[in-house]
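Read off the chains here:
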Amino acid sequence: MMGDNLINISKRNTGRMLELQNSLATGLQHRMPRENPIGVSHSMTYDRILFELGQFEKNVDDGKARINFAESALANAGDILQRIRELGIQGANGIYTKDDRAKIATEIDELLNELVLIANTQFKGRSIFGGNDTLENPFLASRTYSKYAGKEIIQKVEYLGDMGPQNREISRGNIVAINVPGNEVFWAENSSLFSSVDATHYVVPADSRVRINGVPIDFKAGDNIEMIVNRINNAPVPVRASVNRMNGGIILETSSAVAIWVEDIEGSRVMQDIGVLSGAMPPRNLSPTARTFGGTIFDMVMRIRDSLYMNDVEDVGSRSLGGMDLALENVLKYRTELGARSNRLDMVKARIIQDRTNMEDILSKNEDVDIAEAITRLRMLELVHKSALGVTARVIQPTLLDFLR
Amino acid sequence: MGKKGLITHQAAIQVTGHNVSNAQTEGYSRQKVTLEIFDPLYIPGLTRENAPGQIGQGVQVEKILRARDMLLEDRILSEKNGLSYWKSMSDWIYQVELIHNEPTDKSIMNTLDRFWASWQDLANNPEEIGSREAVREYGAALARHINYNFQALKSLRNNIEQAVQMRVKEINEIAKQIAKLNEQILRSEATGDNPNDLWDKRDLLVERLSGYVDIHIGRSDQDEFMVFIGGKHLVQGKHFEQLMLDRNPANEGYSDVRWEVDGTLLKLRSGELKAHLDARDVELKYQIDSLDRFAANLTDLVNTIHRRGFGLNLRTGLNFFMENPISPNPLGDYDFNRDGFVDGTALFRITGTHALNLDEVVGLQGAITLNDGIMVEYADTDRVTDILTKVNNAGSDIKMYISDEGTLMVKSDAPVLAISHLEDSGDFLVQYSGILRERGEAGAFDRGQVNMAEAVSEDFMVAPGGHPASWIRLDEHIAEEVESIAAATGTDTDGDGIPNLSMGAGNGDNALGIAGLRFEKVMIGGSETMNEYYAALIAGTGLRGESAQNENLNRDLIVENLVNLRKSISGVNIDEELVNLVKYQHGYAAAARFITKVDEMLDLLINRMM
Chain A
1 MMGDNLINIS
11 KRNTGRMLEL
21 QNSLATGLQH
31 RMPRENPIGV
41 SHSMTYDRIL
51 FELGQFEKNV
61 DDGKARINFA
71 ESALANAGDI
81 LQRIRELGIQ
91 GANGIYTKDD
101 RAKIATEIDE
111 LLNELVLIAN
121 TQFKGRSIFG
131 GNDTLENPFL
141 ASRTYSKYAG
151 KEIIQKVEYL
161 GDMGPQNREI
171 SRGNIVAINV
181 PGNEVFWAEN
191 SSLFSSVDAT
201 HYVVPADSRV
211 RINGVPIDFK
221 AGDNIEMIVN
231 RINNAPVPVR
241 ASVNRMNGGI
251 ILETSSAVAI
261 WVEDIEGSRV
271 MQDIGVLSGA
281 MPPRNLSPTA
291 RTFGGTIFDM
301 VMRIRDSLYM
311 NDVEDVGSRS
321 LGGMDLALEN
331 VLKYRTELGA
341 RSNRLDMVKA
351 RIIQDRTNME
361 DILSKNEDVD
371 IAEAITRLRM
381 LELVHKSALG
391 VTARVIQPTL
401 LDFLR
Chain B
1 MGKKGLITHQ
11 AAIQVTGHNV
21 SNAQTEGYSR
31 QKVTLEIFDP
41 LYIPGLTREN
51 APGQIGQGVQ
61 VEKILRARDM
71 LLEDRILSEK
81 NGLSYWKSMS
91 DWIYQVELIH
101 NEPTDKSIMN
111 TLDRFWASWQ
121 DLANNPEEIG
131 SREAVREYGA
141 ALARHINYNF
151 QALKSLRNNI
161 EQAVQMRVKE
171 INEIAKQIAK
181 LNEQILRSEA
191 TGDNPNDLWD
201 KRDLLVERLS
211 GYVDIHIGRS
221 DQDEFMVFIG
231 GKHLVQGKHF
241 EQLMLDRNPA
251 NEGYSDVRWE
261 VDGTLLKLRS
271 GELKAHLDAR
281 DVELKYQIDS
291 LDRFAANLTD
301 LVNTIHRRGF
311 GLNLRTGLNF
321 FMENPISPNP
331 LGDYDFNRDG
341 FVDGTALFRI
351 TGTHALNLDE
361 VVGLQGAITL
371 NDGIMVEYAD
381 TDRVTDILTK
391 VNNAGSDIKM
401 YISDEGTLMV
411 KSDAPVLAIS
421 HLEDSGDFLV
431 QYSGILRERG
441 EAGAFDRGQV
451 NMAEAVSEDF
461 MVAPGGHPAS
471 WIRLDEHIAE
481 EVESIAAATG
491 TDTDGDGIPN
501 LSMGAGNGDN
511 ALGIAGLRFE
521 KVMIGGSETM
531 NEYYAALIAG
541 TGLRGESAQN
551 ENLNRDLIVE
561 NLVNLRKSIS
571 GVNIDEELVN
581 LVKYQHGYAA
591 AARFITKVDE
601 MLDLLINRMM
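Heads up: the sequence lines are chains A and B, in that order. Mind the numbering: the first sequence is residues 1 to 405 in the working numbering, read in order. Mind the numbering: the second sequence is residues 1 to 610 in the working numbering, read in order.
Hints are computed from structural coordinates only; laboratory data are not their basis. Treat the hints with care, since some could be wrong.
[Stated by the list, open to error] Mimicking DSBU-like on lysine-lysine, the simulated pairs with C-alpha atoms at most 35 Å apart in a straight line are: (1) K11/A with K169/B; (2) K11/A with K521/B; (3) K285/B with K169/B; (4) K349/A with K232/B.
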């Protein structure tokens with residue numbers, strides 16, 4: 001009986017020592033859910049949060065790399081624009097001859113080529129100013145022969161990208177776009193669109209939805225042109241609508257230097273019906289009958305270049321240089337914005353690192369073994385085990401058999 | 001008289017020897033010789049010889065008793081079945097915990113985290129093939145992990161089934177042996193003997209049996225020793241009943257344990273067999289059902305978003321995980337009773353047509369009828385969220401929540417993953433949310449009828465077939481071509497509600513949408529995220545494992561103490577036996593000396609008197 005008792009006691013002791021040995025060897029308080037169910041589920045949660053924070057950090061780093069890249073591209077673009085502006089001021093000076101101006105124009109043309117290259121900059125092989133259309137160059141420059149330059153020069157720069165955001169999740173459910181589309185950054189003038197279709201008696205046939213500069217706008221069945229204008233003006237877009245008194249057509253104007261970007265979606269035909277869209281897919285979807293105004297930065301550069309080629313000193317000095325100012329202003333505006341976003345990401349990252357430190361601390365408290373405590377407990381258990389063995393050995397030794405002859 | 005002394009002490013020495021040699025035999029109880037005075041020569045009476053006193057006739061063995069406390073015995077029996085119940089339960093849950101392999105970095109939870117993270121990486125680089133490969137790999141790894149855990153749980157369940165079969169065979173064998181022993185004991189008792197060793201053998205068998213099932217012993221009738229399980233006798237004297245295994249097709253072919261005599265179900269409250277049955281039909285079934293539910297929801301949720309998105313190759317409408325509907329019929333018509341004819345409609349999810357606002361007061365009244373006639377009434381002051389809470393807490397296996405698009409989703413939480421019944425006397429499920437097409441009984445959806453898909457919204461998912469956890473894997477389009485993984489969202493330009501124009505290669509919003517599933521409360525009627533659901537499963541398993549282990553340890557101590565107590569009563573103490581041996585040896589020597597003295601006396605009388 002005493003022998004059995006010893007076996008039971010030492011079984012329990014070794015069981016406990018095994019548990020302690022496991023904790024000490026792995027450094028973890030619990031290996032199986034049953035050892036501490038609540039602790040394990042906390043560990044799982046903390047582990048998940050840590051993992052998630054790691055991913056957010058990756059997202060932030062990636063986003064920041066792109067923002068910084070875009071920002072330095074804009075810095076280059078700003079420098080070039082500044083140089084062009086200086087050249088323009090030089091060209092507007094009356095002391096220069098026609099030939100001098102042509103030379104300045106040629107230099108500006110070179111800088112224009114450089115500017116187009118910057119607008120088509122790629123990060124890891126993806127265009128950064130093309131919205132979501134990252135695999136193609138967002139700006140297409142078409143060259144035609146110019147008798148002034150005596151060679152093929154850029155006569156038209158078209159935007160082929162879109163307005164799509166490149167979104168990153170930087171904290172739980174917090175999504176930020178880390179790109180700026182080219183039809184905002186590389187625009188210099190406010191855009192406007194004049195439809196040539198008389199919409200005075202137009203009535204929206206069914207509930208429909210259009211998207212203007214990325215923001216969906218709903219029209220209800222029965223809306224007339226006034227309602228359409230109203231709904232557009234009440235939407236959070238930098239586009240204002242009005243009705244042209246001359247022909248009853250709709251006028252769309254941007255309130256800042258961005259392109260007008262209109263889409264009929266979900267089966268809507270409203271914008272096509274009122275002569276804004278042609279029915280083609282974006283980006284070249286504006287109706288050919290509508291007149292559009294408002295130029296890109298490239299248009300501004302081309303204007304100053306062409307005025308210089310044509311020796312139109314007055315235009316160079318007034319309109320063209322004014323256009324350059326607009327261009328510079330817009331680029332600066334987006335540089336500031338990208339800088340602000342970069343700062344925000346820095347702050348987010350700092351918080352992620354802090355959160356992670358805290359979380360690691362909590363996790364460690366939750367599952368790491370207090371080595372000193374564990375070793376003390378192990379020593380105590382060893383002592384108990386030894387004394388149990390010793391006592392039993394003493395007690396079971398003598399039997400009557402030893403004394404019987 | 002001397003001979004009697006010799007024989008008696010010889011018998012006593014023999015019993016002592018028997019005790020010493022069986023000191024280590026399991027179930028043996030110490031035997032004790034009771035000595036008794038042999039009846040004196042004369043009985044009192046007038047005819048007795050005129051001599052003083054009665055002359056004694058010596059000693060005889062009255063009986064050989066075994067030292068055993070039957071009350072203690074019964075306590076041990078009743079504690080023992082509790083002990084073996086918790087011991088087996090603890091062992092089975094331990095194996096389940098091993099399968100889940102939490103908390104480590106090689107668990108479903110961890111793979112799930114990596115899966116979500118891979119979608120975020122894809123959102124960062126939607127144009128890159130590398131990040132697409134990662135999504136495919138982690139998706140496949142997650143599916144494989146779920147398959148593996150399913151297989152492991154399933155084979156554990158099969159092992160338990162084998163254990164059940166073995167135990168039932170053993171119980172039958174023990175019942176047979178006890179009945180046989182009863183017969184021998186009865187015969188022996190009839191002659192007035194104490195069949196100590198047979199009793200010991202029977203007690204040992206009964207003790208073993210008490211570990212397997214919760215038995216009651218009937219000792220009231222001297223001639224018929226009875227063993228009861230759940231109020232029915234297993235053994236009655238020399239009669240015994242047998243148990244049989246009956247494969248139950250409704251329980252995936254796992255066996256029910258029934259009485260062979262009348263086919264009724266064996267009623268158990270404790271014991272190892274009960275632990276096996278509980279582990280097989282409660283714990284493991286719950287684990288497998290939970291995994292199935294997890295897999296079915298994962299498939300449906302990821303696919304619903306994935307189908308709306310666009311791949312790099314501009315493909316859209318593809319599933320990410322393969323869907324394996326229970327029925328080839330796209331409307332979910334299914335043959336539930338397997339008689340060859342479709343007899344019902346199996347739908348896992350129905351999504352409404354209108355976007356709802358959780359805090360909006362519905363302003364309608366009516367009553368929603370769910371499965372098993374569970375009714376949920378709503379008043380015109382209820383908000384949408386109030387109605388959902390009522391439905392989700394009504395105890396039915398139908399859960400409702402609001403999808404990320406704001407539409408109402410109705411999902412089945414039952415093990416078969418098919419919505420059983422939906423009916424609304426008011427307009428909440430009908431015009432308000434667009435789940436059902438008609439009010440009242442006429443417009444009710446019922447699993448037990450065909451063509452029911454016509455009664456509900458067009459956006460539904462046919463119930464998944466079999467165990468979703470066993471077959472979840474990537475859709476073959478995704479497995480073959482990573483460019484098909486839909487990272488980009490799209491625009492619906494033609495007004496059919498399905499996007500048909502991709503936002504472009506650089507758009508990762510759809511991938512972000514899928515990654516966002518990880519913190520959306522999509523499980524159990526919108527109360528838990530997928531990760532929380534799984535963590536709760538692990539914590540629950542751990543809690544049950546912990547309590548089983550604690551019960552096991554407690555009962556182990558109790559039984560150990562009782563067994564020690566029994567050992568102190570029935571156990572053989574070698575020292576005591578040696579003392580007895582010496583005592584009886586002396587008795588024997590004294591009796592022998594007595595015989596020599598009598599011999600000497602006779603010698604004197606016969607040989608020296610000449």
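Okay, the hints, checked on the actual structure:
{"no.": "1", "hint": "K11/A with K169/B", "verdict": "holds (32 Å)"}
{"no.": "2", "hint": "K11/A with K521/B", "verdict": "violated (46 Å)"}
{"no.": "3", "hint": "K285/B with K169/B", "verdict": "holds (24 Å)"}
{"no.": "4", "hint": "K349/A with K232/B", "verdict": "violated (71 Å)"}
When the structure is compared with the earlier hints, violations turn up for hints 2 and 4 and for no others.
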